[in-house]
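A.B. asks: Each chain, letter by letter, is given below.
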Amino acid sequence: MTRLWWFLRRRVGKFLLRAVIILLLVDTAFIFLMPLLRMLSTSVMHVMDLYDPTVVWIPRRWSWENYKLVFQALEYPLSFKNTFLLAGVAAVLQTLSCAVAGYGFARFQFPGRDKLFLLVLFTMIVPPHAIFIQLFILFKSLPSFGLFAHSKNWLDTYLPFYVPEAMGMGLRGALFVFIFRQFFKGMPWELEDAALIDGAGPFRVFWNIMLPPAQPAILVVFLFSFVWHWNDSLQPAIFLSRPELFVMTQRLAEVEAALADMRYRAMWGTGAIMTAAVLTIAPLLVLYVLAQRYFVESIERTGLIG
Amino acid sequence: MRVSLRTYYAITGYGFISLWLVGFSVFMLIPLVRNAIWSLTDINMGNVSEPLNFIGLANYVEAFTIDIEFVPYLLETLRNLVVDVPIILAFSLAVALLAMQDVPGGTVFRAIFFLPVVIGSAAVIGRLFGMFGGQLVLFRGEGAQQFLQIYLGERLPDFMQFINRSIFVLWRSGVQILIFIAGLKSIDPALYEAAEVDGASAWSRFWKVTLPMLSPVMLVNIIYTIIDSFTDYFNRVLWYMRLISFRTDLRLGYPSALGFIYFLLIFVFVIIVFTVVGRVTFYRGER
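Protein chains in written order, with the working numbering: chain G, 1 to 306; chain L, 1 to 287.
Source of the hints: derived by calculation from the structure; they are not laboratory data. If a hint is listed, it holds; no wrong ones were tucked in.
DSBU-like, lysine-lysine: derived pairs with alpha carbons at most 30 Å apart:
{"no.": "1", "chain 1": "L", "residue 1": "Lys208", "chain 2": "G", "residue 2": "Lys14"}
{"no.": "2", "chain 1": "G", "residue 1": "Lys152", "chain 2": "G", "residue 2": "Lys81"}
{"no.": "3", "chain 1": "G", "residue 1": "Lys185", "chain 2": "G", "residue 2": "Lys115"}
{"no.": "4", "chain 1": "L", "residue 1": "Lys208", "chain 2": "G", "residue 2": "Lys185"}
{"no.": "5", "chain 1": "L", "residue 1": "Lys185", "chain 2": "G", "residue 2": "Lys185"}
{"no.": "6", "chain 1": "G", "residue 1": "Lys14", "chain 2": "L", "residue 2": "Lys185"}
Chain G is faced by these chain L residues, among others (derived, beta-carbon under 8 Å):
{"no.": "7", "residue": "Thr12"}
{"no.": "8", "residue": "Tyr14"}
{"no.": "9", "residue": "Gly23"}
{"no.": "10", "residue": "Gln101"}
{"no.": "11", "residue": "Phe114"}
{"no.": "12", "residue": "Leu115"}
{"no.": "13", "residue": "Ile167"}
{"no.": "14", "residue": "Phe260"}
Here chain L is said to cover these stretches of chain G; the calculated rule only asks that three of the stretch's residues, wherever they fall, bring their Cβ under 8 Å from a Cβ of chain L:
{"no.": "15", "segment": "21-29"}
{"no.": "16", "segment": "33-45"}
{"no.": "17", "segment": "103-109"}
{"no.": "18", "segment": "133-141"}
{"no.": "19", "segment": "215-229"}
{"no.": "20", "segment": "279-292"}
Please read these numbers as outputs of a predicted model, since none were measured by experiment. The beta carbon of each residue, even a glycine, is placed where N, CA and C say it ideally should be.
Starting from the given sequences, assemble the full structure and let the hints guide the process.
C.D. replies: Here it is, written out as structure tokens:
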């Protein structure tokens with residue numbers, strides 16, 4: 001009898017523990033999902049529903065009016081193309097250049113290496129606001145060699161986002177160099193040695209031997225870089241002033257400023273702003289849903305911590 | 001010409017980092033130094049092309065004695081930092097531990113927990129939390145407000161602000177969760193087995209194995225969270241600096257000084273935390 005009791009207690013206890021864990025997981029997941037769901041549900045509500053206290057999550061009067069309006073206000077096709085061009089190219093360049101630099105720091109002995117790596121870490125703590133005046137002046141003075149009809153310098157071009165990124169700097173570039181260094185440090189030496197003995201040059205070794213296994217790190221860095229460039233609102237606001245070059249965050253700010261002028265913004269504006277927010281991050285959501293499985297796996301295999 | 005293998009490797013190493021080195025000098029070092037120099041001058045849009053006119057520490061004195069907005073914003077940032085960092089760390093560790101549990105649908109939960117990293121667009125989230133005139137997003141129309149009103153009375157707005165801020169803070173812990181999960185994965189399972197054999201309960205395994213083994217990751221996370229808070233989209237110092245930099249009087253020396261003060265503050269803060277926390281950090285292979 002006591003044995004049966006003991007057995008039951010153990011089983012029940014285990015079951016309860018699992019139930020509690022799942023409950024906690026669902027709770028936390030809700031905290032993370034709630035703002036997103038709220039955003040989606042508000043965006044399809046009719047204004048009447050926003051005033052109606054009995055409507056909570058599911059709209060009673062569905063309305064696509066917001067989407068029609070905000071799609072135009074954001075100049076969606078154009079700003080999508082611009083943002084994609086900016087974030088996509090910048091992310092590719094940044095991933096490559098940071099991989100190269102990270103490999104250099106991880107695998108070679110040279111005088112001053114550790115001091116230089118401290119400078120990488122140092123870069124992380126410099127707030128962009130401390131140098132943006134200087135960068136503005138710098139980009140204003142750099143010639144664009146007639147590459148762009150509308151601008152003689154780097155302002156109002158995407159070069160301020162491409163060139164620093166291609167050199168392992170730019171938006172959180174230091175973090176990416178750090179991630180790649182940690183990753184390459186954790187890789188076995190044998191492959192490299194074998195390739196070197198077979199007479200491959202260092203860059204070939206890097207490109208053909210070291211990069212393919214670094215796929216998880218590449219994926220993580222690329223996704224981060226893309227997302228952070230997509231969401232960045234500081235640098236575009238400073239370096240881009242021509243409307244035909246505007247990216248999504250700039251349009252979003254514009255839409256919001258326009259709504260702020262309206263007297264009846266209170267409720268009507270809320271729906272419109274939520275719609276603008278949904279449209280801004282929709283491409284990222286699609287990307288995440290597609291890449292999510294690889295992303296979660298990659299995070300676990302990146303060995304972020306050496 | 002023949003060189004030794006060591007020299008060859010050194011040259012190759014410099015080759016790999018050369019692009020970064022140029023980038024660092026042009027887009028970080030030189031701007032930072034020039035910024036420091038400008039902060040000692042009265043430069044403005046009108047006299048950019050003229051020789052620099054040094055005015056000593058006048059800009060710095062102005063920031064701390066005349067400017068009535070800068071110092072309060074700075075203090076507010078520090079206060080938020082002290083409150084937010086422990087909350088973010090505790091929460092992200094808890095979520096990381098939860099996400100590591102082997103339950104049905106575990107990958108789905110993990111995917112959801114990484115969501116803030118992916119769409120954690122400060123610009124977008126800010127709009128979300130600012131909606132309904134700062135009303136509680138969670139409790140809209142659910143009767144909860146009226147219910148809480150009974151108990152909290154006049155303190156209801158404060159409470160709602162607190163809850164809103166907490167959720168907002170939790171949304172900023174995406175990268176930290178990720179780093180913790182990576183750290184938890186790297187702990188040797190043999191350590192847990194050994195502790196279990198010695199009769200350690202799950203509770204003491206957490207305090208005696210998980211936490212010490214996680215302390216280097218903890219250090220990384222603390223530093224990351226601090227830097228993240230200092231450069232956060234909602235940080236009012238940054239908004240103020242942005243405003244000042246592109247104001248109509250077009251002074252350039254004064255915003256440079258503000259930027260430099262802020263940079264120094266972060267630098268000192270990070271160094272202090274690094275040395276203090278670094279002391280209690282446990283590295284495998286030491287001792």
